[in-house]
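> Turn these sequences into a full structure, and let the hints guide you.
Line by line, the protein sequences give chains A and B.
Heads up, the first sequence is in my numbering, so the first residue is 101 and it goes up one at a time.
Heads up, the second sequence is in my numbering, so the first residue is 6 and it goes up one at a time.
The hints are simulated quantities; they were obtained by calculation from the structure and are not laboratory data.
The model shown is predicted, which means the values in this text are computed figures rather than measured ones.
Incorrect hints may have been included.
Said to hold, decoys possible - Footprint (simulated), chain B over chain A, 3 or more residues, beta carbon under 8 angstroms:
id : stretch
1  : 205–216
2  : 225–237
3  : 436–443
Using N, Cα and C, we set each Cβ at its ideal position, and we do this for glycine too.
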Amino acid sequence: MATPTARPAQLEPRERDTAAQLTVEDRRELLRYMLLMRATEERALGLYRQGKVPGSHYDGRGQEAVSVGSAFALSPRDRACILHRDLGAHLIRGVTPGRVLAQMMGRVGGVTNGRDGNMHFGDPGLGCVGMVSMLPDMAPVACGLALAFQMRREPRVAMTWFGDGSTANGQWHEAMNVAGVRRLPIVFILENNQYAYSTPNELEFAVDPVERAATYGFAGVKVDGNDVEAVFQAAAEACDRARVGGGPTLIQAETMRMHGHGAHDDMSYVPPELFEHWAARDPIETFEKRLGEEGLETESLHKAVAETLERETEWALACPMPDPATAAEGVFATEDPVLGDGHAPWSRWSGRAATDA
Amino acid sequence: MPELTYLEAITDGLREEMRHDESVFCLGQDIGNFGGAFKVTEGLAAEFGRDRVWDTPLAESAIVGAAVGAAVEGMRPIAEMQFSDFIACGFDQLVNVAAKMHYRQGLAVPMVMRLPSGGGFSGGPFHSQNPEAWFLQAPGLKVVAPSTPEDAKGLMASAVRDPNPVLYMEHKHLYRRLRGEVADGRYETPLSQVRVAREGSELTVIAYGAMVHTALEATEDLDGAGIEVVDLRTLCPLDTEGILASVRKTSKVVVLHEATRSCGIGAEVCALIAEEAFEDLDGPVVRVTAPDVPIPFSPPLERAVLPQVDQVRDACRELLGY
Ligand SMILES: Cc1ncc(C[n+]2csc(CCOP(=O)(O)OP(=O)(O)O)c2C)c(N)n1
Ligand SMILES: [Mg+2]
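Here is the structure:
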């Protein structure tokens with residue numbers, strides 16, 4: 101008979117893996133995924149303007165470094181609940197741009213086959229649980245993923261993203277508190293893009309949310325959200341800490357939403373100086389410049405990404421619309437859930453069995 | 006076969022499922038060493054450890070949300086609300102996250118949500134509700150409501166094995182008042198299958214949960230009439246064939262529930278009968294329910310609101326006279 105213990109069992113803390121190392125190829129991959137995200141979103145916006153995307157359109161313009169830098173740290177067996185500004189994370193986990201475009205157009209072949217739209221998706225086959233609209237509902241859900249890893253003593257991590265606006269909601273507090281109490285292996289990425297829709301930070305909170313991490317009993321780290329390598333380093337450290345029983349981390353990435361909340365929003369509430377300040381710090385341009393100064397060739401990436409998008413768009417446009425006769429199908433499950441493993445392009449994971457981490 | 010109370014049968018069901026499958030675990034407030042507000046989880050922490058019988062903070066959204074996350078990752082969580090009334094505080098996670106998960110992304114959410122419900126003990130407006138109908142407008146959720154110790158255990162097993170979120174309405178009034186024979190070991194009571202609690206040919210009373218016993222008592226000796234009592238057991242998805250079979254047999258129907266009236270389970274059952282068995286009816290379908298008011302605290306007020314044996318008797322007599 102197991103003895104009851106006051107605290108849930110923890111993994112034995114062990115030596116942390118050495119500081120996250122990025123190879124030259126890794127850094128090119130970081131740039132490539134940021135370019136791919138921007139190109140996919142630009143294409144989606146084009147399709148929206150052509151009337152091919154029903155509803156509205158949301159993107160993460162200017163925030164590419166956050167989702168790409170953080171998701172790049174994940175191992176295949178880690179799990180992710182990805183939010184609406186984080187297309188880069190989906191691309192890293194292995195969702196193709198064509199499936200994203202088909203998703204936005206409500207077609208079969210999109211990640212949810214027309215059951216849901218815009219960024220409301222996650223490919224279970226790639227270890228992702230898709231977001232719902234209500235914010236930040238995925239934070240408690242990600243706690244549950246992490247809880248499963250902890251109960252089974254698996255060195256795996258759950259990662260989830262949310263915006264500054266989400267930190268005001270009660271579910272945010274519930275998730276942070278539960279994660280702290282149980283020391284769950286979870287990484288929270290807070291994308292402070294300065295606004296929740298039209299509401300600026302100063303109307304959202306009296307204390308910088310990153311400072312709250314300490315009150316929940318875990319680490320809080322603030323990073324430059326427009327520096328993909330800085331985001332990556334923070335995420336890799338947080339994942340390592342979580343994997344060895346060190347508990348959750350809240351990473352607050354400072355960035356700026358460079359498009360409206362949705363395609364319908366002209367952002368007239370954003371002071372031009374603020375916009376210009378961030379425009380001069382574009383995450384893709386600054387990173388590409390850094391790589392260029394170190395002598396890395398990046399031009400070919402632009403070409404490759406453009407070619408990919410042509411191919412993927414063609415594929416998406418060839419996808420059919422769903423058959424209305426199927427609208428009532430699939431409300432109830434008949435099989436148990438299966439979450440597959442995601443792609444993990446960071447060289448640290450290549451060549452390792454998926455079960456290593 | 007051992008005799009167990011309704012409450013002991015639920016505990017037995019939980020224990021069997023936890024012994025049978027390591028991925029089954031419980032989470033909720035005060036359910037560990039304390040054994041839960043009603044002692045339904047008594048002894049489970051001692052047997053399975055406090056990791057698998059997790060005393061959560063007071064955080065209903067986190068409880069439901071964590072259950073969803075653990076479920077999709079291969080665990081089989083059984084979450085407890087201290088009272089079903091508090092599900093209002095975790096409602097969003099159930100209706101927006103759990104319910105829609107499979108439809109949207111083909112990902113099943115095998116979790117059980119235990120909801121101690123019902124009145125009759127001066128619990129007042131916040132500890133007496135029967136919120137089952139709230140969830141019928143959230144496609145993707147299943148709802149069960151056992152009325153006997155045997156079904157309490159069997160429906161727990163089926164709820165745990167089902168790949169969908171299942172809301173398990175356990176009636177507080179029955180916890181220690183009702184005893185019955187319960188088989189040892191694991192067995193499953195099928196979902197979406199009514200139970201004929203008593204056969205009869207002149208009138209059918211359709212009920213679930215504690216009201217099944219009110220129905221049985223009210224019609225035990227009703228001027229010698231042969232009255233059938235149908236126990237729904239599963240409220241969603243309804244066993245439409247099981248309901249209609251009884252209606253076709255007796256042609257007279259009283260629908261009884263403790264929950265409030267408008268858009269309740271009874272309304273759905275009545276609509277089903279009107280649509281599918283109109284030709285078979287020999288009289289109007291009659292509802293006996295709580296009126297559309299919060300459940301009051303003071304005993305005479307509460308009695309005035311909750312359906313009583315006499316009301317059921319009167320309703321049956323009137324309908325039999327048709
Ligand atoms: C609980 C909830 N209330 C309202 C909304 C409507 N809404 C959608 S996005 C949004 C702003 C979100 O701001 P933030 O969390 O900062 O994320 P961002 O869009 O800036 O990335 C609002 C109010 C919502 N999705 N969820
Ligand atoms: Mg924001």
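> Each of the hints needs a verdict: does it hold here or not?
Results of checking the hints against the structure:
no.	hint	in the structure
1	205–216	holds (count 4)
2	225–237	holds (count 6)
3	436–443	holds (count 3)
The structure fails none of the hints (numbered hints given earlier).
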